[in-house]
Amino acid sequence: MKNAKRFLLLIICGILIIPMVNSCKVGDEDSDFTFYTRKGRLCQDWSFSYYKHTVQHNDTIISNEYDGSSYITVFGNHSFISSAIMSISFNKKGTYTWNEQISNDTSVYSYKEEGYWYFTGGGETTFKELLALQKTSHTKTFQEGGTTTTDTYSAEGNLQTVVYRLIKLAKDEVKMESKLERQYIQGGNTVLDIETTVINLAMGAE
Amino acid sequence: MKKNISLTVVIIITAILSSTFFSCQKTDTNKLAGDWKIVSLTSSYAYKNQKYETSFDGSTKTVTYTVTDSVITVPNPTPHDSTITYSEWTSYIGEVTTDYHTDGSYVYNETFKNNETGITETKGIDGHWYFTDANHSSEYGLDDLLAMQVDKLTFNTNFGNIYSAIYQGNNTLDIYEISTLKKDKIVLKMEKAETINFILYVTTTEFTLEPR
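Chains as they are written, first to last, in numbering that gives the first Met the number 0: chain A, 0 to 205; chain B, 0 to 211.
Among the hints, a few may not be true.
Pairwise CB distance ranges, derived in the manner of DEER restraints [what the hints assert, rightly or not]:
(1) A/123 <-> B/69: 46 to 56 Å
(2) B/138 <-> A/171: 36 to 46 Å
(3) B/74 <-> A/54: 53 to 63 Å
(4) B/43 <-> A/104: 46 to 56 Å
(5) A/69 <-> B/110: 52 to 62 Å
Read the hints as simulated data drawn from the structure, not as lab findings.
Beta carbons: idealized from backbone N, C-alpha and C, even for Gly.
Working from the sequences, and respecting the hints, build out all of it.
This is the structure in structure tokens:
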């Protein structure tokens, strides 16, 4: 009788554990089981281990790629290689800060972006599979030959957000991407614009 | 007795952990779903000395453009600049409908006939809608914000297609604050102010939806 009771209790425990295993695997490469919440996993100081941003307008492609130390811009048959540091921090209160510094022998470009982050999703995606970044400010500074040019943006309210699909959200690694294709007709011709951003993050801002 | 206590503790801990992970599941998406029509709308977009305003009462829409300038020098009694305000407006008759589906998609349609030219303009959007999670800093809770993502946009007149675009993938999200969400009434608003290189752009929109 005692054993039967114990067996029944174990079955109840098993049933209660089942949703733990399934409900938190959101991204394709997420682990099946973790004790950390998605917020807990995201909210850290990260350095970019890989970043690629590609903009295609019909046959014209411009790409910027970062491998953790070098930043390569490719436009047509031209390429420019610079050294760079890229990092992003997500705060548990709901803010983020994105920093870039790209430099070569003749110029220094720095970029700082701040804003709010939100988990979202639903419909064809799972809730919290999407990460929306709502930029509230940026400062771009470009220094070359003793001349500094600055571009500033600040905003508040219900601002438009960019959105990334979180492929992997682990305590020590994040993989996310955003891909958008826009097709429209202009002057009787069909125009295709594709913008893709791939981001891999590793622990610790440099 | 000891064993019974330890088993009870195991069950309680398991239940707590389980409930924690249940929270990873999808939020309720049925609150918004339905076929709606816009019964009132006010919106404005202003930058520098220019302002575009739209008002709609469910059948009549008025679009007003206003520019304020101070370029005229008035010679008397002492020379000074004078401020002038120029306005022009266009009136339309029509309707706006929005259907939010439980599968996360939405359809937006508007049809308006220009009272002056007689031209009928139609705008259609297919897209996806999402609720956003809570954010302590922006002070919005779970389901306080509605994010809308355009997948297809068409603009036609009765003289033919003017513009259409198809989006695939992670299009940007337009964010609306949900002021009211009831079975028979939804109020959405969007207020934002952006300063781009020292120029301020202010957008406000508020509209009320009722079931069709």
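**Q.** Hint check for residue 69 of chain B and residue 123 of chain A - Cβ pair distance inside 46 to 56 Å
**A.** 53 Å Cβ-Cβ, so the 46 to 56 Å window holds.
Q. At the C-beta level, are residue 69 of chain A and residue 110 of chain B separated by a distance inside 52 to 62 Å?
A. holds, 54 Å
Q: Evaluate the given range 36 to 46 Å for the C-beta pair formed by residue 138 of chain B and residue 171 of chain A.
A: 31 Å Cβ-Cβ, so the 36 to 46 Å window is violated.
(Q) Within 46 to 56 Å: is that where the Cβ-Cβ distance between residue 43 of chain B and residue 104 of chain A falls? (A) Between residue 43 of chain B and residue 104 of chain A, where Cβ atoms are some 49 Å apart, the hint holds.
Q: Go ahead and decide if the range 53 to 63 Å is satisfied by the Cβ distance of residue 74 of chain B to residue 54 of chain A.
A: holds, 54 Å
Taken one by one, the earlier hints fail for this structure only at number 2.
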